[in-house]
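Given the coordinates of chain A, work out where chain B should sit on it, guided by the hints.
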Amino acid sequence: MFNLFQNIHIDWLGKRRVFIGISILIMLAGLISAVGRQLTPGGTDAFNLGVDFKGGSVVTVKFRNKPADDDIRTALNAVGINDAILQSSTNRPDEMLIRIPLLENTSGDAANGDISKAQVEKGRTTVKQALDTFGPEAEGEATLDTAPNAAYKIIGTDSVGAIAGSQLRNQAVTATLLGCIGILLFIAFRYDWTYAAGAVIAVFHDVLMVLAFFSVFQWEVNLTVIAAILTIVGFSVNDSIVIFDRIRENLAAHRHDSLFKITNDSINQTLSRTVITAGLVILSVLSLVLFGGEVLRSFSLALLVGLTLGCYSTIAIASPIAIWWQDKLGAADVAETLAPQRKEKMASAARKSVARRPVTR
Amino acid sequence: MSNRGLWIRTAIIVVILLGGIYLVFGPRRVPTAADFTWQGIKNNLAENVHLGLDLRGGSHLVMRVQVEKYLKTLTENNREAALNAAKEAKDADGKPLPVVDASSVAENGTYQINLNVSDPSQNQAIVDAVTKRVDLRDWNETSSGNTISWSLPTQAQARLSDSAVEQALKIIDGRINKFGVTEPTLQRQGSSNLHQILLQMPGVEDPERVKNLIGSESHLYLMKVADNSDPSRPFPTKEAAVQALGGTIPPNRVVLPYAEREPNTKDAQANKAPDKWLILETPAVVDGSELRDASPTSRTGSDYNIDFHLKPVGAQAFGEWTGKSVGKYLAIVLNDEVKSAPVIRGQIFDQGQIEGKFTKETADDLALTLKSGALPAPIEYTEERTVGPSLGADSIRAGVEASLGGLALVVVFMLFYYRGAGVNAVLALILNMVLTIAALIVIGSTLTLPGIAGLILGIGMAVDSNVLIFERIREEIRLGIGIPESIRLGFERAFVTIIDTHVTTIISSLILYVTGSGPIRGFAVTLILGLLINLFTAVFVSRTIFNWELARNPNMQRLSI
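Those sequence lines, one after another, are chains A and B.
Under the working numbering, residues 1 to 361 are what the first sequence spells out, in order.
Under the working numbering, residues 1 to 561 are what the second sequence spells out, in order.
Same shape as in the complex, but just chain A (with noise of 0.2 Å):
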């Protein structure tokens, strides 16, 4: 048998300020970064929000020999252009849409469709620039029947709007704070009140953190990086309940020890499982993110930050902060009783909500 992580004994409550600690830190430099680059004038905003959620341009193109997919990528990224989608036309196939997010940070609200026609005339000039790599355009009245030598033609430019506007937004925010409160009464009624927030709480925490990222390094947010932050929740509450699950289980089986022992060593025992879990995803995750491409790389992106947050959320801040309010509880319940027997009632003070539920086979 090959094991990993026997017998491993470390104390993580112990740690448990160095934990938030750094939490906390990594969410002020998102915060910063999102406040500071929003009020910067002329600057970049909080997010780098791509075109399905800002609008942005679409040329559509005629080829004399269309270009590999990859190929024309490259000509566009050569020119600043990383985020561009290409659609090609299946009924017409020496035709490509090229849909590319607003070049300039215009103050005016694209989602209405109100794009200037400077953006929309900026983005052709743009794509004309890539496109020149491979060979001159057909310009002006000129065809590719008619100009023998040139190699495509732009035959138009649009400005689109969003696809997911605020609307889709907004209900994105909406359902998974829905979400969050089915999970919170569900955990509540299973385990208790103080698990659940530590449960909820790391789910925002592995959230923020995701965005925190996105604001710092400024990656492209757009219509997969939601499902991937749906997943990450779904990854996030999956973690605290393996957990709180072993706790509740240590509680039942080791009436007199104490919750912070029971709650390490809860840890230490389910670590092996964390660790082969989240790493056997992670793993899959970081494939995505290095081979998958580069329209997928926000998705995988979140992926791969909120996958590896979430394993260390919940070790590092679901559990204590579940183990750490109930022992606040604790402690106001023991408050009138000798200071000798303190602490051994506060660890089944702590433990009464817990235990009054038996584990259910």
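These aren't lab readings, by the way, just hints derived from the structure by calculation.
Just so we're clear, the structure is a prediction, and the values are computed from it rather than from any experiment.
One should not assume that every hint holds.
Now the in silico label distances, taken between C-beta atoms and shown as ranges [claimed, not checked]:
1. L479/B with K15/A: 46 to 54 Å
2. L31/A with L18/B: 51 to 59 Å
3. S560/B with A68/A: 45 to 53 Å
By construction, the Cβ of each residue, glycine as well, lies at the ideal position given by its N, Cα and C atoms.
Chain B only, in chain A's frame:
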């Protein structure tokens, strides 16, 4: 566990597995030899799984809302309303105001209403009378001599057009969603003065029908049949009806064809000139905007009618009128055609039926367009093409390859780390994927990238369930309580955890499904299916395999885990 129980469990698993494999890879017809070739299997898979716009592409339609028609109708309606208001108003002495007639201009960006008067000194009184009744706030009023004019300034035109496009966007969104096109993208295209909407929808089988549905205008009116017009003896021509009205149609009357269609002969009838006409009173008692619900019904299963219900305000107006009009005729007018003209036998409030002998498809589409409300203006299609996946074919290929690579890593690790038990886990994993996709096919869901994210989470939790169980069994073995007991306890203890994690995630996904739409729903659906199936594969299937090993070797001393 007895061997018999084990055989039953195995049989259940094999049947479900074969069913899943058939649903995912099999054809929806009698299989031929070609279905067993690699290419055949790939084709069947592509046909069975509905991929969304981001993964497969679909139709790309650019449409333009004909706002000039909207403004024209607005101008004409206001002209009629202004003329009526001016004619009905009295001056201080109780005499009618000196209004002669009205005209309007609605072309080339000019929208203007002109009232011709015979006595310019009364102009202010006429303006007051009109603006009291008709909302002309957006319009600029000018009077010169015998003409009072209201014209719509360019800014107001732009604002009204813009809101018409927004309204059209909402209505179209409602129509395609109800039609069942999953996860279309709908957005405004071009600068706002182009009034364009871009719709992309994933592989729709009948794009023409969707196009018709989006563009169709269904106006329903419940109107009074004029007293001098008897539905049992309709006028044979429009001219005859006009004749009966004294040669001209007064402003409070309309003449409309009365067409009870024969079953399923829509096309044949369409070319035939209508031979029944009725005179109706305007304005309508209730119009289509007061509709709360409409649904197709059929008693015979072939001829469809449409049942409708009215909203409270409409129902009250309808109830009041029907209450005092017993014995008279009601006309149900759909798209400027009287569909039926029943006698009112008693007071009716909120229910009615459009009898049209429609086909099922027509009735479905009609009910849908009636429910979603009328488009503010007709639309025209300016561009139509089919497009490839919006995520880009190359990136999808890269994504699929990377995911398969990731999956391979997982499989290799599980086999290496858990040895014999790893085979269990890998089998359960493959089964989970096949069954989840099969379930998606059964419920006819469309798979998009968010859906794949749900699939990934589901698979992740499937791996996790196995890891939980195996780690638990290892722990029990370490305690030295014998292999069979360790397996039993391992499954039992891990099961509690698995149930808790799964139920929590299912609850939150259900909430996402109910409150979300489009991509959020796609995610929730695949995740819920994946988790339900996982409870079966990780626990039931994996356990059965362990039990087979135990049955072969009841006094097992070493377990490959």
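Consistency of the hints with the structure:
For the pair L479/B and K15/A, the beta carbons lie near 29 Å from each other, so the given range of 46 to 54 Å is not met. Distance hint check: the CB atoms of L31/A and L18/B are about 55 Å apart, consistent with the given range 51 to 59 Å. Taking 45 to 53 Å as the suggested C-beta distance range, the pair S560/B and A68/A conforms, at roughly 47 Å.
Checked against the numbered hints given earlier, the structure breaks only hint 1 and satisfies all the rest.
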